[in-house]
Amino acid sequence: GQQVMQIPQYQHVQEGEDFTTYCNSSTTLSNIQWYKQRPGGHPVFLIQLVKSGEVKKQKRLTFQFGEAKKNSSLHITATQTTDVGTYFCAVCNTGTASKLTFGTGTRLQVTL
Amino acid sequence: DAGVTQSPTHLIKTRGQHVTLRCSPISGHKSVSWYQQVLGQGPQFIFQYYEKEERGRGNFPDRFSARQFPNYSSELNVNALLLGDSALYLCASSLFPGVDEQYFGPGTRLTVT
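Residue numbers (this note's numbering), protein chains in the order written: chain Y, 1 to 112; chain F, 1 to 113.
If you are wondering where the hints come from, they were derived from the structure by calculation, not from laboratory data. If you're wondering where the values come from, they're calculated on a predicted model, not measured in any experiment. Ideal Cβ positions, reconstructed from N, Cα and C, are used throughout, including at glycine. Only true hints are included.
Okay, the calculated beta carbon distance ranges per label pair: (1) Y/K57 with F/Q17: 47 to 57 angstroms; (2) Y/V13 with F/V38: 20 to 30 angstroms; (3) Y/V84 with F/Q41: 11 to 21 angstroms; (4) F/T9 with Y/T111: 28 to 38 angstroms.
Could you build all of it, start to finish, from the sequences and the hints given here?
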């Protein structure tokens, strides 16, 4: 089955530092979604990328889809304690069902 | 507007028992998907239903089954529970089963002893 790897598995930063998580696939992706899951919570949709080389921004968050559509990244500028959680990329397999294949996730810890 | 709701919140069962988990999608959403999330891992796809029909099935044994009702709510059933079935079971709804963002419910935490 399709595998999506994320690095790093875990990152601990001080508030104000930047953070980046990377998502890699061995196959070309039709699209990629990003979700955030707070400790004890459920995944919350952040964004979907579809086009090769696409870059989207949401306030301090910047999402990028690789030119070859095999990788993606999420960059957070000047982290805050509210950014704590696990960030998952997810690949949506097109067809008759929107089956999401989640990446391994990157857990972000932010301390003052 | 109410989001995706799931019941119960927590559940403790014994090996070999059966469990039924319930999900109500966001009003107007016709597609419901089920995911299993083991501690420390990403959610794994179990089923997707759209208009009461199964549209997708993940790599789970036949002990897992689901159905969708005319009001688009859904049930996930697991028979002959194993210790390894202990997990957070998430329901997600979307307008359509195509490429669409998924709205997740709070999940049901199942513990099998």
